[in-house]
Amino acid sequence: MTTADLWSLMPLLILAAGALLVLLLGALVPGRYPSVIAAVTAAGVACWMVMAPPLASLPGLGIALTPFARLFSALFGLTAVGALLLSLRYNDRQGIVGEEYPATLLFSLFGMVALSMATNLLVLFLGLESLTFGFYFLVACDRSRAASAEAGLKYLLSGAVAAAFTAFGLALIYAGTGTLLIAPAMQAALSSANPTAAAGAGLLLLGVAFKVSLVPAHLWTPDVYQGAPTPVTAFLATASKGAALAALLLLFSGSAGSGSLHGPLWCLSLFSMLLGNLAALRQAGLKRLIAYSSIAQMGYVALALTSGSGGHGAVAFYAVAYSAMNLAAFGALAALADQGGDRLEELRGVGYQRPFPAAILALSMFSLAGIPPTAGFMGKFLIFAAALKGGEIALSVIGILTAAVSAYYYLRVVTTLYLRPAEPSSPAPGDGMTAAEYGVLGCAGLLIIVLGIFPSPLLELIDAALR
Amino acid sequence: MNSGLPILSILIFLPLLGGLCLFAFRQQEAWVRRFALGVGLVELLLAGWLTWQAGTLANLPTTDLPGFFLLEDLPWIDRFGIRYLVGMDGISLLMVLLTAFVTVVGMVVSWQAVRTRVALHYALLLIMASGIMGVFLSLDLFLFYLFWEVMLIPMFFLIGIWGHGRNVYSAVKFFLYTLAGSLLMLLAVIGIYLLHGAQSGIYTFSLPALIGTRVDTGAGLWLYGAFLFAFAIKFPLFPLHTWLPDAHTDAPTAGSVVLAGLLLKTGAYGLVRFGYPLFPEAARTLAPLLMVLAVTGILYASWIAFAQTDMKRLVAYSSVGHMGFVALGIASWTPVALSGALMQMVNHGVTTAALFALVGMLDERSGTREIGAFGGLWGKVPVLSFFFLLFAMASAGLPGLNNFVGEFLILTGSFRGHHLAVALAFLGIVLPLVYTVRLLQEVLFQNESRPLTLPDLSLREGSVLTVMALIDLYLGLHPKPLLDLLKVPVALLTGGTP
Numbered sequence: 094m095t096t097a098d099l100w101s102l103m104p105l106l107i108l109a110a111g112a113l114l115v116l117l118l119g120a121l122v123p124g125r126y127p128s129v130i131a132a133v134t135a136a137g138v139a140c141w142m143v144m145a146p147p148l149a150s151l152p153g154l155g156i157a158l159t160p161f162a163r164l165f166s167a168l169f170g171l172t173a174v175g176a177l178l179l180s181l182r183y184n185d186r187q188g189i190v191g192e193e194y195p196a197t198l199l200f201s202l203f204g205m206v207a208l209s210m211a212t213n214l215l216v217l218f219l220g221l222e223s224l225t226f227g228f229y230f231l232v233a234c235d236r237s238r239a240a241s242a243e244a245g246l247k248y249l250l251s252g253a254v255a256a257a258f259t260a261f262g263l264a265l266i267y268a269g270t271g272t273l274l275i276a277p278a279m280q281a282a283l284s285s286a287n288p289t290a291a292a293g294a295g296l297l298l299l300g301v302a303f304k305v306s307l308v309p310a311h312l313w314t315p316d317v318y319q320g321a322p323t324p325v326t327a328f329l330a331t332a333s334k335g336a337a338l339a340a341l342l343l344l345f346s347g348s349a350g351s352g353s354l355h356g357p358l359w360c361l362s363l364f365s366m367l368l369g370n371l372a373a374l375r376q377a378g379l380k381r382l383i384a385y386s387s388i389a390q391m392g393y394v395a396l397a398l399t400s401g402s403g404g405h406g407a408v409a410f411y412a413v414a415y416s417a418m419n420l421a422a423f424g425a426l427a428a429l430a431d432q433g434g435d436r437l438e439e440l441r442g443v444g445y446q447r448p449f450p451a452a453i454l455a456l457s458m459f460s461l462a463g464i465p466p467t468a469g470f471m472g473k474f475l476i477f478a479a480a481l482k483g484g485e486i487a488l489s490v491i492g493i494l495t496a497a498v499s500a501y502y503y504l505r506v507v508t509t510l511y512l513r514p515a516e517p518s519s520p521a522p523g524d525g526m527t528a529a530e531y532g533v534l535g536c537a538g539l540l541i542i543v544l545g546i547f548p549s550p551l552l553e554l555i556d557a558a559l560r
Numbered sequence: 008m009n010s011g012l013p014i015l016s017i018l019i020f021l022p023l024l025g026g027l028c029l030f031a032f033r034q035q036e037a038w039v040r041r042f043a044l045g046v047g048l049v050e051l052l053l054a055g056w057l058t059w060q061a062g063t064l065a066n067l068p069t070t071d072l073p074g075f076f077l078l079e080d081l082p083w084i085d086r087f088g089i090r091y092l093v094g095m096d097g098i099s100l101l102m103v104l105l106t107a108f109v110t111v112v113g114m115v116v117s118w119q120a121v122r123t124r125v126a127l128h129y130a131l132l133l134i135m136a137s138g139i140m141g142v143f144l145s146l147d148l149f150l151f152y153l154f155w156e157v158m159l160i161p162m163f164f165l166i167g168i169w170g171h172g173r174n175v176y177s178a179v180k181f182f183l184y185t186l187a188g189s190l191l192m193l194l195a196v197i198g199i200y201l202l203h204g205a206q207s208g209i210y211t212f213s214l215p216a217l218i219g220t221r222v223d224t225g226a227g228l229w230l231y232g233a234f235l236f237a238f239a240i241k242f243p244l245f246p247l248h249t250w251l252p253d254a255h256t257d258a259p260t261a262g263s264v265v266l267a268g269l270l271l272k273t274g275a276y277g278l279v280r281f282g283y284p285l286f287p288e289a290a291r292t293l294a295p296l297l298m299v300l301a302v303t304g305i306l307y308a309s310w311i312a313f314a315q316t317d318m319k320r321l322v323a324y325s326s327v328g329h330m331g332f333v334a335l336g337i338a339s340w341t342p343v344a345l346s347g348a349l350m351q352m353v354n355h356g357v358t359t360a361a362l363f364a365l366v367g368m369l370d371e372r373s374g375t376r377e378i379g380a381f382g383g384l385w386g387k388v389p390v391l392s393f394f395f396l397l398f399a400m401a402s403a404g405l406p407g408l409n410n411f412v413g414e415f416l417i418l419t420g421s422f423r424g425h426h427l428a429v430a431l432a433f434l435g436i437v438l439p440l441v442y443t444v445r446l447l448q449e450v451l452f453q454n455e456s457r458p459l460t461l462p463d464l465s466l467r468e469g470s471v472l473t474v475m476a477l478i479d480l481y482l483g484l485h486p487k488p489l490l491d492l493l494k495v496p497v498a499l500l501t502g503g504t505p
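Residue numbers (the working numbering), protein chains in the order written: chain A, 94 to 560; chain B, 8 to 505.
To be clear, the hints were calculated from the coordinates, so they are not data collected in a lab. Predicted, not measured: the structure shown is a model, and the values here were computed from it. Do not take every clue at face value.
[Unchecked claim] A short, non-exhaustive set of chain A residues, derived as facing chain B with CB atoms under 10 Å:
1) 505
2) 515
3) 531
4) 546
5) 552
6) 556
7) 557
8) 558
9) 559
We put the beta carbon where it would ideally sit given N, CA and C, even for glycine.
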């Protein structure tokens, strides 16, 4: 192994060493600083990715340090920093102590970074599974609430099924094509000249659809979102979704379009947009509302994927924008709902009692609804532009109509925050926020606005990454 | 003209900046009001100065676009050919002037009425002014869409926070109606962008470039249909008008004033600036539909207005009727009718804003807007009654006052070829007279139904209404300066179409 190889392995080494350090130090000197060390480690990975040396590839290990990996790993790293900072106060309050929480979060991040560097289907699978494995624990780590354990179990059971589908899909692809290198294997699998590999690609798609929670693999989403500690939900809804989208982009990057998977993707997109948006209309809990809305949002992303490689830039942009929006939404929720509750009614009139987090929450709702000038609008614009260019007119029209429906429930959150008087009996919610929370919410909010007005720099990065 | 100063950008962003500044000293309510009004007045002065200069500006052939005397063009999102392209011709100038004026009126009428969250209220008014300015000045479809959506948010909060009655319901209804329309328009915007790109290889959202796009009939009908749908909701054109009475009824006075004075105009403006020029053929094909809906709206709204017992609802329905005339003028697309429609937008903006302001003042004084609760005001509050009479008659189209000019031009310009429509629309002039006379009779003249003690207008209220009355009179007696402003752009717009 040369120095260059070692260099390109650095992000993974940093994460592995960091996770071990957090575990060790936590055992020796208890306290809350493991989270801080973890945050520093994650930030380190993000910095490494931004300043990473020229491309390097390790075919033996099935990974390569591509611009694609750099972009997505930086995104995951920053999101992890955000989630860790958000959880400092939240975890104190909920009694989630110990070093295993930040260490597992880093382990999850390890899986995401490995996935984004994958050139081999097996590494992709390992990355996907190890990141999900971390989440099994993170979701269930709030021992004071039964809902948390229940959510963890649900995620574990459905995740295991999805992993089985993915593994079987990989086996079929290997059987059909004789290779596990992503580019040639997927090219053959998508060309539909090879039924075995095509079936494998279908199963693989279903497995990844579970991670992004596309209908019909979405059933875990509302329960897990609701049950998990809010900062974990934030991390789950942003980095893990982003990682799964990165996996989809890697899988489809080798071929011109979605090939033999066009039909299945089309259906996944259609049903996700319809079911996600309609189900979100009826939710009383904010976390469940965002969970169903995320199903719908991923339907829009799938819409961009159906339109072939022209939509890949839109998918990558949406992954970033979506991370900013959800980090803002769940971060604000973690700051607002101090008792761990998330019923919408509890937020009545909070807009005037807690102006800053409420404004960030409202901003993220407008962004998720796709109102300009926000990142969400720019993302939707890119998606629909790609979809129309790709000739997906019917699905675009359905998408726009469901987006109009979605505005109703996003607006309900804003309405509750600002237009409904607070109940006189209810105690003024919450104590002050920590500087870390201000920082995360402020950055996420700023990013939502900046990406909505000046998307060009990010689009250029994405262009370089997808080339 | 290129004086180096980005005047159009100042017009668009000054209110936004001013609105954000308000939060810095949000506790000192008196200063918040003064500062906001100051920003509004600077904006109005700027617009007024541009109008004053318009004669000289228009004669300078300094921009590449015919009819436009101010242009600003900066690259924005290059890869999609999205530019920050704003321009001003006579039509935009008129709308900008109206926007600046009505915004100031909105501030003045809420001076006393708004006592909670004052800074937020004035900030929202200013931010909305920014959005509306942007709508009237954008020449890039993407930019236009952005401002078009942005102006919804402040109005949503204005109705929802300071409104009364079912304010939350009305605010949400307003938002969802207009959003549903504009989202379809977004698809159409992307559609024409892709169509033009496929034809010419140049991907751009710039309106002047896109106007040359060849659109085949089928696609044109769909794309234009989406535009028309979005604009018709804003208009509001029958049968898409149902959000309007609710929004008006429950909105605070300033909200009603801005809604009637400005937001309704953006739909008509969009149709004139974007809908017809981009899809002339489809627009011609669908003109009869527009005309039928316009005339139906005129008659239906007058009919419903007759049955209202709430003054605000009555004025709201009369708005639907008046905007029907604007739609009729646009649908006939002759120079005379189109000038009339644009004039009528200004006329309706001023007159209806004044009527809503008056209803708001009565509401502030008595706590009710029921027509039946008043009576005998003429003897009790003579100044208020005088203005009420004047603006009500102006709204009903009394010759010598401004609305008459607009309606006259629209009917004259539409008569050739559309006899039946004009004949029916004429009924729409008579019917408002009936319900207006009834309103005046019941509120001002007949014996009072309840002993209400009302103070007459304050100096602040009196002066803003005086200005509006003078504008009504001036435009009614001497509309030529405004018509001159419209001559060139209207001639350019109607050039190729019969």
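Structure-based check of all given hints:
1. Given the 10 Å rule on beta carbons, the hint for residue 505 of chain A holds: about 8 Å separates it from the nearest Cβ of chain B.
2. Residue-level restraint check for residue 515 of chain A is violated (minimum Cβ-Cβ distance to chain B is 13 Å; threshold 10 Å).
3. For residue 531 of chain A, the interface hint is violated, since its Cβ never comes within 10 Å of a Cβ in chain B; the closest pair sits about 17 Å apart.
4. Checking residue 546 of chain A against chain B: minimum C-beta separation of about 9 Å stays under 10 Å; hint holds.
5. Given the 10 Å rule on beta carbons, the hint for residue 552 of chain A holds: about 6 Å separates it from the nearest Cβ of chain B.
6. Of the supplied interface hints, the one on residue 556 of chain A holds, with its beta-carbon coming within about 8 Å of a beta-carbon of chain B, less than 10 Å.
7. The criterion of a C-beta within 10 Å of any C-beta in chain B is not met by residue 557 of chain A, whose closest approach is roughly 13 Å, and the hint is violated.
8. For residue 558 of chain A, the suggested interface contact is broken, since its CB lies about 15 Å from the closest CB of chain B, more than 10 Å.
9. With 10 Å as the threshold, the beta carbon of residue 559 of chain A stays out of range of chain B, its nearest partner Cβ sitting at about 13 Å, so the hint is violated.
The structure is inconsistent with the numbered hints 2, 3, 7, 8 and 9, although it conforms to all the rest.
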